[in-house]
Amino acid sequence: MPNFIKIRGARVHNLKNINLEIPRDKLVVLTGLSGSGKSSLAFDTIYAEGQRRYVESLSAYARQFVGLMDKADVDLIEGLSPAISIDQKSASHNPRSTVGTVTEIYDYLRLLYARIGVPHCPRCGKKVKEYSQDEIIAQILESYLNKEIYILSPIVKDKKGEHKNILEPIARTGFSRVRFDNAIYTLEEAEDMSVDKKKKHTVDVVIDRMAVTKNKEDLARLNEAIEKALELNNGLVTIAPINPSDKASFAIASARREGKEGSFIAKNDVQKLNKKNPPRPLYQEGGIENTYSRLFACTACGISLSELEPRNFSFNSPHGACPKCSGLGTKLEIDSELILNSNLTIAQGAIKPWSHNTAGGGSWLMRILGTVAQNHGFDLNTPLKNLSPEQLNIVLFGSGDKSYDVDYASNRFSGELTTEFEGVIPNLERRYKQTESDYVRKEIENYMRVLICPACAGKRLKPEALAVRVADMSIDDITSLPIQETKKFFIRLENSKLLTARAKAIAGQILKEIKTRLIFLSNVGLDYLTLGRSANTLSGGEAQRIRLATQIGANLMGVLYILDEPSIGLHQKDNDKLIDTLKKLRDLGNTVIVVEHDEAMMLAADWLIDIGPGAGEHGGEIIFSGPPAKIKACKKSLTGKYLSGHVSIPAPKNYRRGNGRVLKILGAEANNLKNIDISFPLGKFIAITGVSGSGKSTLVTDILANALNQKFYRAKATVGKHKDIKGVGFIDKIINIDQSPIGRTPRSNPATYTGVFTPIRELFASLPEAKIRGYKSGRFSFNVVGGRCETCAGDGLVRIEMQFLPDVYVECDVCHGRRYNQEALEIYYKDRRGDGDGKNISEVLNITVEEAHKFFKNIPLIQQKLMTLEEVGLGYIKLGQSATTLSGGEAQRIKLATELSRRGTGKTLYILDEPTTGLHFDDIKKLLHVLNKLVDKGNTVIIIEHNLDVIKSVDWIIDLGPEGGDKGGYIIAEGNPLNVAKNKTSATGQYLAKVLK
Numbered sequence: 001m002p003n004f005i006k007i008r009g010a011r012v013h014n015l016k017n018i019n020l021e022i023p024r025d026k027l028v029v030l031t032g033l034s035g036s037g038k039s040s041l042a043f044d045t046i047y048a049e050g051q052r053r054y055v056e057s058l059s060a061y062a063r064q065f066v067g068l069m070d071k072a073d074v075d076l077i078e079g080l081s082p083a084i085s086i087d088q089k090s091a092s093h094n095p096r097s098t099v100g101t102v103t104e105i106y107d108y109l110r111l112l113y114a115r116i117g118v119p120h121c122p123r124c125g126k127k128v129k130e131y132s133q134d135e136i137i138a139q140i141l142e143s144y145l146n147k148e149i150y151i152l153s154p155i156v157k158d159k160k161g162e163h164k165n166i167l168e169p170i171a172r173t174g175f176s177r178v179r180f181d182n183a184i185y186t187l188e189e190a191e192d193m194s195v196d197k198k199k200k201h202t203v204d205v206v207i208d209r210m211a212v213t214k215n216k217e218d219l220a221r222l223n224e225a226i227e228k229a230l231e232l233n234n235g236l237v238t239i240a241p242i243n244p245s246d247k248a249s250f251a252i253a254s255a256r257r258e259g260k261e262g263s264f265i266a267k268n269d270v271q272k273l274n275k276k277n278p279p280r281p282l283y284q285e286g287g288i289e290n291t292y293s294r295l296f297a298c299t300a301c302g303i304s305l306s307e308l309e310p311r312n313f314s315f316n317s318p319h320g321a322c323p324k325c326s327g328l329g330t331k332l333e334i335d336s337e338l339i340l341n342s343n344l345t346i347a348q349g350a351i352k353p354w355s356h357n358t359a360g361g362g363s364w365l366m367r368i369l370g371t372v373a374q375n376h377g378f379d380l381n382t383p384l385k386n387l388s389p390e391q392l393n394i395v396l397f398g399s400g401d402k403s404y405d406v407d408y409a410s411n412r413f414s415g416e417l418t419t420e421f422e423g424v425i426p427n428l429e430r431r432y433k434q435t436e437s438d439y440v441r442k443e444i445e446n447y448m449r450v451l452i453c454p455a456c457a458g459k460r461l462k463p464e465a466l467a468v469r470v471a472d473m474s475i476d477d478i479t480s481l482p483i484q485e486t487k488k489f490f491i492r493l494e495n496s497k498l499l500t501a502r503a504k505a506i507a508g509q510i511l512k513e514i515k516t517r518l519i520f521l522s523n524v525g526l527d528y529l530t531l532g533r534s535a536n537t538l539s540g541g542e543a544q545r546i547r548l549a550t551q552i553g554a555n556l557m558g559v560l561y562i563l564d565e566p567s568i569g570l571h572q573k574d575n576d577k578l579i580d581t582l583k584k585l586r587d588l589g590n591t592v593i594v595v596e597h598d599e600a601m602m603l604a605a606d607w608l609i610d611i612g613p614g615a616g617e618h619g620g621e622i623i624f625s626g627p628p629a630k631i632k633a634c635k636k637s638l639t640g641k642y643l644s645g646h647v648s649i650p651a652p653k654n655y656r657r658g659n660g661r662v663l664k665i666l667g668a669e670a671n672n673l674k675n676i677d678i679s680f681p682l683g684k685f686i687a688i689t690g691v692s693g694s695g696k697s698t699l700v701t702d703i704l705a706n707a708l709n710q711k712f713y714r715a716k717a718t719v720g721k722h723k724d725i726k727g728v729g730f731i732d733k734i735i736n737i738d739q740s741p742i743g744r745t746p747r748s749n750p751a752t753y754t755g756v757f758t759p760i761r762e763l764f765a766s767l768p769e770a771k772i773r774g775y776k777s778g779r780f781s782f783n784v785v786g787g788r789c790e791t792c793a794g795d796g797l798v799r800i801e802m803q804f805l806p807d808v809y810v811e812c813d814v815c816h817g818r819r820y821n822q823e824a825l826e827i828y829y830k831d832r833r834g835d836g837d838g839k840n841i842s843e844v845l846n847i848t849v850e851e852a853h854k855f856f857k858n859i860p861l862i863q864q865k866l867m868t869l870e871e872v873g874l875g876y877i878k879l880g881q882s883a884t885t886l887s888g889g890e891a892q893r894i895k896l897a898t899e900l901s902r903r904g905t906g907k908t909l910y911i912l913d914e915p916t917t918g919l920h921f922d923d924i925k926k927l928l929h930v931l932n933k934l935v936d937k938g939n940t941v942i943i944i945e946h947n948l949d950v951i952k953s954v955d956w957i958i959d960l961g962p963e964g965g966d967k968g969g970y971i972i973a974e975g976n977p978l979n980v981a982k983n984k985t986s987a988t989g990q991y992l993a994k995v996l997k
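Under full-length UniProt numbering, residues 1 to 997 are what the sequence shown spells out, in order.
The hints are simulated quantities; they were obtained by calculation from the structure and are not laboratory data. A couple of the hints might just be wrong.
[Stated by the list, open to error] Calculated cross-link-like contacts (lysine to any residue; reagent style SDA-like; alpha-carbon spacing at most 20 Å):
no.	residue 1	residue 2
1	Lys331	Arg656
2	Lys632	Leu603
3	Lys952	Lys711
4	Lys711	Asn343
[Unchecked claim] Per label pair, the in silico range of CB-to-CB distance:
no.	residue 1	residue 2	range
5	Lys126	Asp606	48 to 54 Å
6	Pro95	Cys124	29 to 35 Å
7	Glu191	Lys497	29 to 35 Å
8	Asp966	Lys164	55 to 61 Å
9	Lys830	Lys933	48 to 54 Å
10	Asn536	Lys933	30 to 36 Å
11	Asn146	Asn234	29 to 35 Å
12	Asp837	His929	29 to 35 Å
13	Lys147	Asn234	23 to 29 Å
14	Glu337	Ala600	58 to 64 Å
15	Cys124	Thr718	43 to 49 Å
A virtual CB, placed ideally from N, CA and C, is assigned to each residue, including glycine.
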């Protein structure tokens with residue numbers, strides 16, 4: 001195998017026919033400006049070719065399930081190994097996926113609990129054990145040797161009723177006595193006695209009464225009695241030691257000793273004895289009554305458990321999943337607050353889902369409600385807030401079985417119909433369950449909230465599974481612990497006496513696998529996560545590091561790993577662990593290629609490749625390739641200039657004073673926050689910092705953003721626990737600029753999202769040729785009938801459904817990807833003759849923002865929107881570039897540019913989470929310029945950030961910590977960067993002090 005991966009003539013996307021040699025079995029970092037071609041080289045060339053060659057080696061049958069990647073536009077690649085890509089995409093959108101399932105740790109936990117778990121009763125919490133018949137006899141010999149006992153078969157356990165209906169079946173089995181509430185009776189006596197059916201009673205069949213000895217005959221008799229008892233009630237037997245001082249039972253015992261088998265004392269004598277001496281448990285002095293089960297069953301509660309199997313602990317299996325929420329831990333419930341607008345009357349549309357004919361059913365339901373209103377003292381013109389609680393309850397939940405005569409009329413029929421009124425909420429719930437329309441279901445979901453399942457309290461499993469314990473911990477207890485604590489628990493479990501020698505022998509390998517995977521997760525900075533954390537709540541960086549930890553656990557050798565910014569979301573404190581992890585992956589005998597902008601990662605690499613010099617058409621060249629130490633001397637490398645300190649991002653000389661007003665959260669205690677009060681000074685640039693898992697996203701997103709979105713926009717997101725938010729009146733809107741896609745289909749693109757496509761279409765419609773033909777701006781939209789290609793409906797691509805495989809998009813063979821029909825494509829802006837640069841609408845969508853800025857230089861409205869895209873460093877993206885091809889960082893900056901182009905009020909709160917994702921030093925400088933422009937207008941910008949160049953540039957820092965998970969959630973430091981840098985208890989302050997020197 002050669003020592004280098006040799007690349008010749010790579011031309012994918014903007015790569016300029018590059019030649020490159022990358023050393024094998026090394027940690028290699030690719031860096032450069034955003035859009036310079038790093039991902040084109042790493043993923044679209046190296047990974048694509050490595051994966052394609054591997055797939056080609058499979059059989060034709062296997063290839064149909066994997067899918068063959070297109071051949072990269074490259075002349076030659078040598079020295080490739082099988083390639084594995086670990087990118088920033090979130091782990092899973094499936095709500096059933098958790099950190100535990102993604103890492104396979106949960107599979108080992110299920111196996112552990114099935115093999116050595118100790119079942120407990122889900123009702124009373126007592127330990128449950130299954131006994132074989134031989135084990136039951138051994139227990140009896142150990143506990144009752146040389147004692148007299150009753151062998152009883154439990155039939156009824158603490159149930160109300162007379163229970164005389166069970167006496168005849170007992171008689172048919174050949175037994176003649178029962179123990180009724182601790183007193184022995186013949187069947188005839190039990191039949192005649194008076195029983196309070198409103199009280200709970202316990203009934204056992206008396207199988208035998210004998211002295212326990214090791215005599216051969218007695219052992220045979222004991223064995224036979226136990227067998228009969230177990231058969232009679234499906235596996236239960238009770239052993240009751242005889243208490244000679246109990247007169248009733250002693251009289252019976254004496255009668256038997258005298259050989260009077262059928263001559264039990266008369267009923268009235270028993271009653272007399274019991275009246276003087278109320279029946280007591282038939283115990284000897286210090287004796288204990290025991291019930292043994294051949295099955296897993298609680299003898300006290302009468303609950304039987306199935307034999308433990310791994311599937312009993314799976315929330316994706318009906319054997320283990322909570323039946324109420326089907327293992328999700330949450331339920332979608334109709335929320336009355338989302339349904340009603342209390343300021344309107346019903347006639348004005350106060351009941352939102354019934355105000356139009358979509359999810360609710362519309363006019364017919366309103367006609368019924370009108371009749372209901374007449375019958376209950378209100379009308380449809382009464383404001384909802386003026387209804388009494390009883391009237392509002394009828395509107396929401398119906399009027400029960402009460403019927404109403406409702407008049408109806410249509411073009412063909414009229415008359416009167418008798419019907420019941422089910423209420424708004426039951427109506428929506430029924431329609432949600434019954435409908436087969438995705439549209440209707442989605443409409444109804446707008447009026448629903450995600451709530452914790454009341455049956456399992458969000459734990460996903462059946463009570464029987466949650467009651468199984470290992471070292472007194474349920475499987476939910478384990479998955480609820482931070483990984484750091486889970487790791488400690490399993491290390492302690494392996495090295496302590498919490499497990500028996502037999503349990504350790506059974507679970508040895510399982511414990512080893514669990515512990516190893518937990519250590520890998522800890523090493524990539526994920527100590528603060530829990531195994532029960534839903535995968536769809538993970539950030540791209542967290543999901544990528546989980547996959548990285550999984551790969552390290554696989555112990556593969558000779559593999560080519562390609563990672564995309566694994567340091568996203570990591571505090572500097574955790575970054576060293578990540579670098580060590582990547583080096584371990586390399587030391588196993590793998591080549592690790594990392595697309596990265598983090599300075600520490602670049603300097604720790606064995607080999608550094610800088611691509612540039614610019615972005616888009618100005619990039620795609622190899623500026624530097626060699627050991628990191630040498631890049632500082634490379635004059636052509638912008639990265640080298642930043643690393644050497646010749647170019648830097650300056651810290652502000654003065655910090656803004658703000659407008660003097662404060663937004664304050666009181667009593668924040670969601671997740672790991674420790675009931676803290678936090679003040680956000682308005683009119684400032686604020687950074688929320690802290691180690692991973694310290695509570696930053698909980699504070700800013702779950703509490704602040706969700707609460708304000710609910711207030712301003714009636715959003716349905718769940719708000720994190722807190723007491724109050726003061727100062728909301730000082731802002732007029734909140735804009736959360738996250739990294740979610742600007743669209744999920746090829747139809748979405750930067751031009752439509754930013755709104756620049758509207759004036760472009762209007763410009764084309766104003767051209768002389770368009771006016772002659774009578775074209776309006778809609779003619780140049782690919783979303784409506786008219787100018788679009790109808791074969792692909794304006795997508796430029798045709799979707800081919802692949803059944804159980806992901807859908808495949810292929811270029812439309814009519815418009816050839818141009819989206820429009822021939823008539824629309826004949827309209828050109830600017831002269832196309834000779835050397836003219838005239839373009840039609842499809843060609844405009846295919847040019848970059850930078851090119852469009854020059855092309856439309858005389859159109860101010862278009863110029864303004866394009867300028868903001870350039871200001872955030874997106875001059876290289878194409879106007880019509882599919883949203884599905886944009887990274888999270890690019891999507892976030894498109895949203896930021898869109899907001900920047902709007903007129904502001906100076907009272908807006910902007911929230912950004914890790915806006916530096918995917919950004920080079922020079923891109924960060926541009927981003928800071930844009931964010932500072934927003935603050936200079938009087939707005940407030942709050943960012944969650946780990947990048948020290950950004951943190952040193954803000955006006956105010958709120959640092960959370962001191963650690964992640966349960967050890968986080970406190971305010972460690974507040975103030976401007978200089979003050980925080982002086983705080984020795986702040987991990988952020990310690991690193992900040994170094995960059996402020």
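### Query
Looking at the structure, which of the earlier hints fail to hold?
1, 3, 5, 7, 9, 14, 15
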